[in-house]
Every structure is written in structure tokens, then in C-alpha cells.
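Construct all of the structure, not just a fragment, from the sequences and the given hints.
What follows is the residue order along each chain.
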Amino acid sequence: MTEQIFAVELRDISIRFGKVTANDSASLRVEKGEIHALVGENGAGKSTLMKILYGMYSPDSGMMKVNGAEAHFSGPRDAIASGIGMVHQHFMLVPPLTVAENVVLGQEPVKGCCAFDSGRARELVAQISRQYGFELDPAAKVETLSVGEQQRLEILKVLFRGAEILILDEPTAVLTPQETTSFFAILRKLKAQGKTVIIITHKLREVMAVSDTVTVMRRGKTVGTVRTAATNEAGLAQMMVGRPVVFQVERRLKTEREIAASPVVLSLEGICAKSDRWLDALCGISFEIRAGEIFGVAGVEGNGQSELIEIITGLRRPQSGRLTLSGQLMDFEENSPARMSKLGVGHVPEDRHRRGLVLDYSVRDNMVLGRQRESQFCSALSRNAEAVAAFGDRMIEDFDIYPADGELAARALSGGNQQKIVVARELSRRPKLLVASQPTRGVDVGAIEFIHRKIIEARDAGAAVLLLSAELSEIMSLSDMIGVIYHGALAGVFPAGSVNEDKIGLLMAGGKLP
Amino acid sequence: MSLDGIFSLALLSQTVRISVPYVLAALGATISETGGVVNIALEGLILTGAFCAVLGSHYSGNPWVGVMAAMTGGIFVSLIHAVVCIRFRANQIISGLAINILAAGATKFFLKLIFHSSSNSSRVAGLPHWSFFGLDRAPVIGAIVSDSLILAAALLVFASYCLIYKTPFGLRLRAVGEHPECAETLGVSVYFMRCAGVMLCGVLAALAGAWLAFDQHQFSADMSGGRGYIALTAMIFGKWNPLWAALAAALFGLAEAFQIQLQTVGVSVPTQFIQMIPYVLTVVLLAGVIGKSRAPAADGKPYPGEE
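Chains as they are written, first to last, in the numbering used here: chain P, 1 to 514; chain C, 1001 to 1307.
Don't take each hint at face value.
Distance condition first, Cα-Cα at most 20 Å in a straight line; then the derived SDA-like pairs of lysine to any residue [to be verified]:
#: 1; chain 1: P; residue 1: Lys203; chain 2: P; residue 2: Val241
#: 2; chain 1: P; residue 1: Lys111; chain 2: C; residue 2: Gly1170
#: 3; chain 1: P; residue 1: Lys432; chain 2: P; residue 2: Arg322
#: 4; chain 1: P; residue 1: Lys141; chain 2: C; residue 2: Lys1301
#: 5; chain 1: C; residue 1: Lys1166; chain 2: P; residue 2: Pro109
#: 6; chain 1: C; residue 1: Lys1166; chain 2: P; residue 2: Ala115
#: 7; chain 1: P; residue 1: Lys432; chain 2: P; residue 2: Ser326
#: 8; chain 1: P; residue 1: Lys111; chain 2: C; residue 2: Gly1126
#: 9; chain 1: P; residue 1: Lys191; chain 2: P; residue 2: Thr181
#: 10; chain 1: P; residue 1: Lys141; chain 2: C; residue 2: Gly1170
#: 11; chain 1: P; residue 1: Lys141; chain 2: C; residue 2: Lys1239
#: 12; chain 1: C; residue 1: Lys1239; chain 2: C; residue 2: Lys1301
#: 13; chain 1: C; residue 1: Lys1301; chain 2: P; residue 2: Met92
#: 14; chain 1: C; residue 1: Lys1166; chain 2: P; residue 2: Pro96
#: 15; chain 1: P; residue 1: Lys111; chain 2: C; residue 2: Tyr1165
#: 16; chain 1: C; residue 1: Lys1301; chain 2: P; residue 2: Asp360
These aren't lab readings, by the way, just hints derived from the structure by calculation. From a predicted model like this one, the values you see are computed outputs, not experimental measurements.
Below you can see the structure in the form of C-alpha cells.
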């Protein structure tokens, strides 16, 4: 019996970066002409493994075979020569250059002794663009292209170099649902032309929709390969996380008497505010949140959510209205984030890179941001490094942050683990009011479940929670009360269980309930 | 007081003479920064070029040997900048400043050692003049159109433009200056391209120094006199495009020539104010134009950057 020849075969690949083992004896087999999905949580080592295959890193140990022949790449140039092409998660395009120039870069057609033949470059690019139905204008500047077009350009670049094996790193992360659909059509077209496609993703729905085979990675190891047809989302999620994943975190609904007995923590009355561009962002927002209650605000982004959060956390002054926190009427003239924080408002911001973390600080230092003056973390003149370290390391353990290294810069962690730092910091202060905006954006399934569980725990411990999310399912599964925001006003407020997704979706889009 | 004397062929010829080092250095900086390496070492490169030119000319008696020596010196000094900034990813501004200080000190040291003077070298012969169609005998501008380095500078303006915008080398250089990671993934060596850009800059800036030295037939201490910084300004004003940078350099040359002419004619304005003209122009242009001028995206950023 002859051994089957695989397009790609990786055996026992290991690589370390400093103290972090990114790939730990990972193995992968990809058949010719299939769409192979490589899934795993953020930081599981998917991208690293593919960068090794593309020659960008050389592994510490392990063996690589491409089309049956053993391969040693010392750089992307070697991988390209072996018919491998990679589309990176962050687009590798030069914005001021044209489509054609971006495609031929590194393999430019030449006329005469040394002049760049831009006419020929455009012809070549137009030809491939037609062949695959990409509809790209070779003379257009890349900075004028839409995200979907840039993605097609990236694939075109790879095809121009004669790639038979295409690696796509999180290709749909930046696409709209419509663009994703047409992107999948392109993948199927590539497959029909005999190309092998490896797609990295953590969106299980997409894996089910487009792939033939799936390999799952967890913490640097490949944990298994299955036929897509023989599995489902729940099965894949379990392989990714290493335990069954609960998509709906359990929580106990409170009785009316319990609710009535708990004190009101936050009360807003007739809040009106302008946006940064001095347009009306909020008009007449009124609601209250009681202790031990999660108030979920559903809505399409840009309907006033950001301004609402900024007012509650002291970052923005409203034009009119009253804000009462634990019975104390707030004076907006004197309000500041430091004051609100002191009064027990915790804030998980919508953009963790902008407001949640100092990316170049260590994980430990990020854990005490805003609390560095508390007596437990500093003495009269200096900070207490040991206390900070001990606290940080305990949080890392409690919140299962990976890699478990408090001295690492926050920048080095995956999105899900960065988000856990923010959530850990805010919850460790035991806030009376937790404002959580998009708490699980760009976070993988395991971490989503974990963060949801922590939010529920805070609620059960008596915190009032204001939850804003673009994910309707998140609002539905966590909230005790659900409000819908549309054009800066609440289009409705409902107790959980008295309303379904269809009704909320209708209100989010500006419709009226019959 | 007669103003007719100011706008004359003399003004034109003076403008060209003053502009040449600005143009050459600005071209060099443009090439270096197109590849993503900020090169404020221009000042030091000009000094090095001037000193090496005099040295080569002094020992061989042949000014062309001086030109070769200047270019070699320029390459050698930019090699320091390249190794420090590209290989060891150090801060490019600091490396540039260090080279400027080093060059100022080293040229003075060797001046003392070789020419036994702390101010200037002995006199050397200038470059020979060329004659095309007898143009060199034309009044005033004859000296311009027959000067080999002036002609070379004019040619280099267009050569630099073609190099950056019309060759595969230029395409790669621009890619490396805009998005080095992208270039690297396509198999273009960021190290090689950036080094090449810095070396070319070294050659061009050293030529600017050589021109200064041959124009004055000697080397004098600190003779670069801030020209490197003016050239950098011209590059920014010229939006990192060789043609515009050269034009901007010429504009600064014009302002300086104008100031000299005003002084010769004897306008009843304090000379200090007249001398300010080029610098005021620099400040005004920078303040007014810099907002619209966009540097290469990865200009000044070491590669690979932080993970």
C-alpha cells in the first residue's frame, strides 16, 4: 500500500518565543484540493503554525513536507517557490501604491535594462482578476479600496505568485456578513480550480459553512482533525476549549418581591447629550438599575451607546438630565472618571486598546491601573512591587489568563486574554455598578463563557450591571431587564422573558411594535 | 539704491551655486526616507564629503580623485548609520545626531593633523570646466552651464526621480518605507533595501560636501553650516518627491541669493533682518505646508518593530 501524499504535512512542530511555547509538537495534514479549517481560541498557536509553514519562523523542532517532499524554508521566498501563499490577518498592502504595483512587488516585470514595466504589470493583474471574477481595477490606488476589495487583492497577490496552497489567516474578521458570503464563493471557486485552502478562524459557524475538514488547536497543540460533515459547533467548541462549552450561562431569575426589595443603584432621568460632532446623541434617556440586576441595552452601534457610557463613567457632560448613584444626585460640573470610580463604578470599555489597557505595561501593572494609590499597593513614596505582583498573579490564576506570566506586556496577549485582564481588574474592585460595553467583542468561545459567568457572579453578589452589546444573543442570555436604544432614545424596556429576539430586532431597526 | 541690480543674471547664477548642495543633500534624504530611514546625519555627511574631497584632491592633485574620495567617505559614514539603525534598530534621530557630532569633531581633528590648522585646509584645485557649444563663454551663466558638478546635480534630480518611481528598485524601496512587513512577506529584503537607500543618501550628501569644498577651493571647519538641516526641510516641503524636493531646495537657494544681493546693493534695512530671510521662509513654509505633506508610513520606524 502506498502512503497518501498530502499537500501539506507538518509533524511535531515546536517553537518557543522566550518563555512562551507557541507551538508544542503540533501536527497537521492537509489533503490536496480541500478547504481545511484550522480553529482554536485566540493564542492557541494557529497563526504561528501557519507562519512556520510560510517560512516566516523556523521551528525549533519538527518536520515539514509539502506535496510529499521534505521542506526547509529559510524565508517566505522559499515557501512561495514551493507554491505556498499566505494572506495575513492584518492586510499586507502598501496603501499609496496601485493594485498592480502591490501584486507584482518583489517579482516586477522589467522592460529594457532596468525600468519597471507598469503596463505589463497591469495586464498581468487584469488577466488573473478576470479569471477569478475579482473585479479589481489594476490602476486603482489601494487606499481607495473597500475592505472586501483589499481582501480579494490579497488573494490575487498570492495567486500571481503561482500558489497552489493558500493560507488565509482570519480572513473574515474584517468583512461584513454580505462580504463574507461572496468571499466564501471565491473560496469554493478556488477549490473548484484545484487549489488547496487552509483557513484560520475561530468562528465556528464559518467552519461549518465552508470547510471540508477541521483541525482544532489548543494551547499550542493540535488536538484533533475531523471531517466537517461529521461534527457540529458544540463538538468543535468542546475540542477547542477542552471541556463542554455552555453557550447559555445559567442564572436564577429573581422574584418580583426580591427585585422590589433591592435598592436602586443607578437612576437616570431625562438625560440629553451631544456627540463629539455636536449632534444630538441622546434625548430623554430615563431608566434605573437595582442592585443584583443586569440591565441590558440592545441596539445597533452608533445609536448613543458610547455617549451613554461616557456620561455614567464621568467622561462626558450631558446637556440636561439627572444622574443619581446610590441615592446621591451627581453634579455634572464636578464629575470625573476618578470620582465615579471612587463611588464604585467599574468600567469595561468598548475598546480595550483605547481605554482598557496600557498595552506596553505588564499584565500585573494593568491589573492595578487606577488603584495604584490604594494603600495596599504603595507606601508613602514608592509603589509596593511585591503586593502588585502578588495581586496580579492571583488575578491571572483566578481569571485563567494565558500565558500565565505577569511580567509579559499586555500587548503580547491575545484579544481574549487582554479582555480578561480588564474584566478581572474591574470586578476585583467589587463595584456597586459595573458598566460593561461589548465585553466579549473579538473574544473566543471559551473566554466568552468565562466572562459571562463572571458578570453573573457579580450580579449575584449584589452589583448593578449595565450591559451594552451589539450581540443580541448576549443581551438575551444575561439580562434581567432589556432596553432597546434607537436614535438616542429608549424604544422600549422589558423584563427578561417577556420579549423575544424578533421584537427586539424590530425595535433596534427603528420599527414599532404592533 | 537700485533694485534692478537685484533681479539679474547674477542672482540666477548665485541661486544655482547656493542651491547645489541643498539639492544634492535633499535628494539623498528623500531616497533614504523613501526607504524608511530618517537621515538627519546629512550635516555630518556633507562635512565628511567636503573633507574627503579636499584630502583626495590634495594628495593626488586630481580633483576627480577628490570626488571619488568624497563618495567613499559618504558611503563609509552612512554605513555606520545603516548598521546602527537597520541592523541594531536604534533610534534613527539619535544615530544621526551622533554622526553629525562625530563628523564635526573628526574633520577638525584630521584638519589639525594633516593641514596643521584649526580653521582651514590648504587650497586645492577646483573641478575643470566643461564646454558645450561654447556656452561656457556666455556672460555670468557660463560658469553654471560648464560646471561639471552643477550639471551632475541637475542630472541626478531626474535620475533620482526615475529610480524611485520608474524602476523595480524604487517600487521595492517605497514598499519598504511604507509597509516593511508587507515587503518582507513578498520576499523583498528590508535590510538590503534600507541599506541601499542609506548608502545612496551617503553618496549624494557627500557630493554636496565635495561641491562646497571645490567651490571654495578648501575645507574649513564646520563648513556645512546647517545646510543638511535646510536640505531636510526641502525634502519635507517637497513631499518626499525628488523633483519637488529639488525645487524646494532651489527656492531656499533663491532666498539666500536674494539676501546676499540685497546686502550688496545696500538696502537700508538692518543686515540681520535680511539675513533672516531664508530662515523665516523655512519656518513659514514648514508651518504652512507640513500638514499636507505626508511622510512614508514606516519612516523612522525600525524593522522588525515590537511584536
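Which constraints among the numbered hints does this structure fail? Numbers only, ascending.
4 and 8
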